[in-house]
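Heads up: the protein sequence lines correspond to chains A and B, in order.
Start counting the first sequence at 1; every next residue gets the next number (UniProt numbering).
Start counting the second sequence at 1; every next residue gets the next number (UniProt numbering).
Because the hints were derived from the structure by calculation, they are not lab data.
Misleading hints may appear alongside valid ones.
With the C-beta cut set under 7 Å, the calculated list includes, among others, these residues of chain B facing chain A [said to hold, decoys possible]:
| no. | residue |
| --- | --- |
| 1 | Met41 |
| 2 | Ala187 |
| 3 | His188 |
| 4 | Arg194 |
| 5 | Ala199 |
| 6 | Pro213 |
| 7 | Ile215 |
| 8 | Ile242 |
| 9 | Leu243 |
| 10 | Gln244 |
| 11 | Tyr245 |
Every residue gets a Cβ at the ideal spot worked out from N, C-alpha and C, and that includes glycine.
There are 2 protein chains.
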Amino acid sequence: MSESVPHDLPIYRRIADGLRARILSGELRDGDRLPGENTLMSDYSIARATARQALAVLINEGLAVPKRGSGVYVRLFKPIRRHGSRRLSREQWGEGNAIWDADTRGRPFAVDEVEVVRERASDEVARVLDGAEVWVRRRRYSVDGRPVQLATSFFPAELVEDSAITTPETGPGGVYARLGDLGVAPAHFTEEVRARMPAPRESELLGLPGGTPVIVVARTAYTAGGRPVEYNEMVLDSAAYILQYDFDA
Amino acid sequence: MSESVPHDLPIYRRIADGLRARILSGELRDGDRLPGENTLMSDYSIARATARQALAVLINEGLAVPKRGSGVYVRLFKPIRRHGSRRLSREQWGEGNAIWDADTRGRPFAVDEVEVVRERASDEVARVLDGAEVWVRRRRYSVDGRPVQLATSFFPAELVEDSAITTPETGPGGVYARLGDLGVAPAHFTEEVRARMPAPRESELLGLPGGTPVIVVARTAYTAGGRPVEYNEMVLDSAAYILQYDFDA
Chain A
1 MSESVPHDLP
11 IYRRIADGLR
21 ARILSGELRD
31 GDRLPGENTL
41 MSDYSIARAT
51 ARQALAVLIN
61 EGLAVPKRGS
71 GVYVRLFKPI
81 RRHGSRRLSR
91 EQWGEGNAIW
101 DADTRGRPFA
111 VDEVEVVRER
121 ASDEVARVLD
131 GAEVWVRRRR
141 YSVDGRPVQL
151 ATSFFPAELV
161 EDSAITTPET
171 GPGGVYARLG
181 DLGVAPAHFT
191 EEVRARMPAP
201 RESELLGLPG
211 GTPVIVVART
221 AYTAGGRPVE
231 YNEMVLDSAA
241 YILQYDFDA
Chain B
1 MSESVPHDLP
11 IYRRIADGLR
21 ARILSGELRD
31 GDRLPGENTL
41 MSDYSIARAT
51 ARQALAVLIN
61 EGLAVPKRGS
71 GVYVRLFKPI
81 RRHGSRRLSR
91 EQWGEGNAIW
101 DADTRGRPFA
111 VDEVEVVRER
121 ASDEVARVLD
131 GAEVWVRRRR
141 YSVDGRPVQL
151 ATSFFPAELV
161 EDSAITTPET
171 GPGGVYARLG
181 DLGVAPAHFT
191 EEVRARMPAP
201 RESELLGLPG
211 GTPVIVVART
221 AYTAGGRPVE
231 YNEMVLDSAA
241 YILQYDFDA
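With the sequences and hints as input, model every part of the structure.
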């Protein structure tokens with residue numbers, strides 16, 4: 001990309017680009033203090049207003065937050081530790097808990113943009129779920145007021161028809177408890193994890209600053225008998241998540 | 001970023017940028033045929049040489065491959081399915097197999113840039129391994145001739161001193177079999193998965209085209225008694241990998 005970046009960008013943007021690169025590369029970490037106005041002024045021989053402009057770029061992008069009287073810090077959003085197996089244990093949803101409680105440990109989270117529709121399955125979903133019609137649940141999750149995940153769940157239509165899975169509110173324990181009510185409780189999960197750059201629509205819904213990749217988790221839930229009962233594609237803001245998986249040798 | 005991209009880029013670069021964006025967003029997938037020279041000529045009212053130049057950009061970046069007489073395709077590198085638990089099962093390394101055999105299923109892979117050194121641990125590594133001195137194994141893995149992963153393993157120095165772990169060739173079953181010889185066989189693993197943009201050095205070593213994020217897997221191996229015996233940080237070309245994790249409800 002460097003070839004296509006012109007050298008006549010205003011100095012405040014070049015400084016912001018440099019700081020952003022250090023944040024995105026991991027050199028500057030969450031909670032680190034950015035160089036202050038005085039440091040930028042002397043390092044680059046610029047006026048205070050220009051230094052302030054450079055920091056404002058990162059603040060506007062959500063990559064940094066000012067703390068009154070102390071400086072500007074790499075944004076203090078504490079990553080969500082998403083624990084692959086514990087969060088999906090039967091104890092969790094079997095007792096009527098939301099799976100999200102396991103992820104956020106008491107931090108406030110919200111679900112919005114909920115859409116529940118019956119659709120014809122895409123080829124990929126039809127292959128996984130072995131059916132042509134699906135109920136689809138689309139929603140966006142926010143933690144501490146910040147959108148962090150888009151999730152789209154697919155269920156075989158004939159299986160969940162007339163259940164609460166086809167309504168916005170699924171009740172205690174959520175969709176997995178409802179699948180249990182239908183006699184097809186999930187017993188095994190497979191998660192496929194990828195990373196890529198976001199599509200424009202994903203950037204918009206997640207409010208991602210430029211240069212932030214997404215993690216895509218595609219999970220299939222199977223009954224004890226091996227029947228696939230849900231396919232869930234989750235798109236995660238990579239800056240907001242650590243995925244943890246524990247297993248034995 | 002779009003603000004910083006000048007509008008006077010040559011047309012072949014703008015076409016290449018558009019195609020690249022469609023590949024990186026997942027709209028065009030591995031193995032898909034790119035628009036041909038004739039299509040580009042009529043869509044953009046350009047000469048054949050210009051259409052060829054646009055496609056050449058993606059070929060040079062390793063994002064596409066020409067097939068004689070058939071067109072240009074999104075690069076046909078088959079993603080490596082890295083199976084979180086199966087690959088690290090005791091059966092695997094206990095029988096003297098390389099863990100990589102489980103990943104690549106017979107595809108040719110190579111290890112280069114091997115470096116084995118004794119170092120003072122960083123604060124992070126010292127915290128995980130509970131020790132100030134470590135043996136470090138750095139290497140790069142390639143599959144089908146393409147670099148796909150950088151891996152850096154850390155071992156408590158006093159534990160592995162004088163073992164084959166401190167030499168480039170570790171013998172059948174690799175470092176885990178050698179830890180077994182030392183009476184500290186790994187029994188539990190924790191993997192933390194993140195995604196981010198690569199640092200310049202990582203881009204260079206992995207030959208990443210612009211706009212390709214990396215997946216970072218940080219694994220800690222523990223003995224049955226809970227003693228940490230290895231910390232391994234792996235940086236994966238996100239375009240080359242699918243990580244799979246299976247678990248029960």
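These are the hints, each one checked on the structure:
At a threshold of 7 Å, the smallest CB-CB gap from Met41/B to chain A is about 23 Å, leaving the interface hint violated. This hint holds: Ala187/B has a C-beta 5 Å from the nearest C-beta of chain A, less than the 7 Å allowed. Because the beta carbon of His188/B sits about 6 Å from the nearest beta carbon in chain A, less than 7 Å, this interface hint is met. The interface hint given for Arg194/B holds, since its Cβ lies 6 Å from the closest Cβ of chain A, which is under the 7 Å cut-off.
Checking Ala199/B against chain A: minimum C-beta separation of about 4 Å stays under 7 Å; hint holds. Nearest Cβ of chain A to the Cβ of Pro213/B: about 4 Å, under the 7 Å cut. The hint holds. Hint on Ile215/B holds. Least Cβ distance to chain A is approximately 5 Å, under the 7 Å limit. Against a cut-off of 7 Å between C-beta atoms, the interface hint on Ile242/B holds, since the closest Cβ of chain A lies about 5 Å away.
With a cut of 7 Å, the hint placing Leu243/B at the interface with chain A holds, because the nearest CB-to-CB distance is about 4 Å. Against a cut-off of 7 Å between C-beta atoms, the interface hint on Gln244/B holds, since the closest Cβ of chain A lies about 5 Å away. Annotation: interface hint on Tyr245/B holds; nearest CB of chain A at approximately 5 Å, less than 7 Å.
In this structure, only the earlier hint numbered 1 is contradicted, and the remaining ones agree with it.
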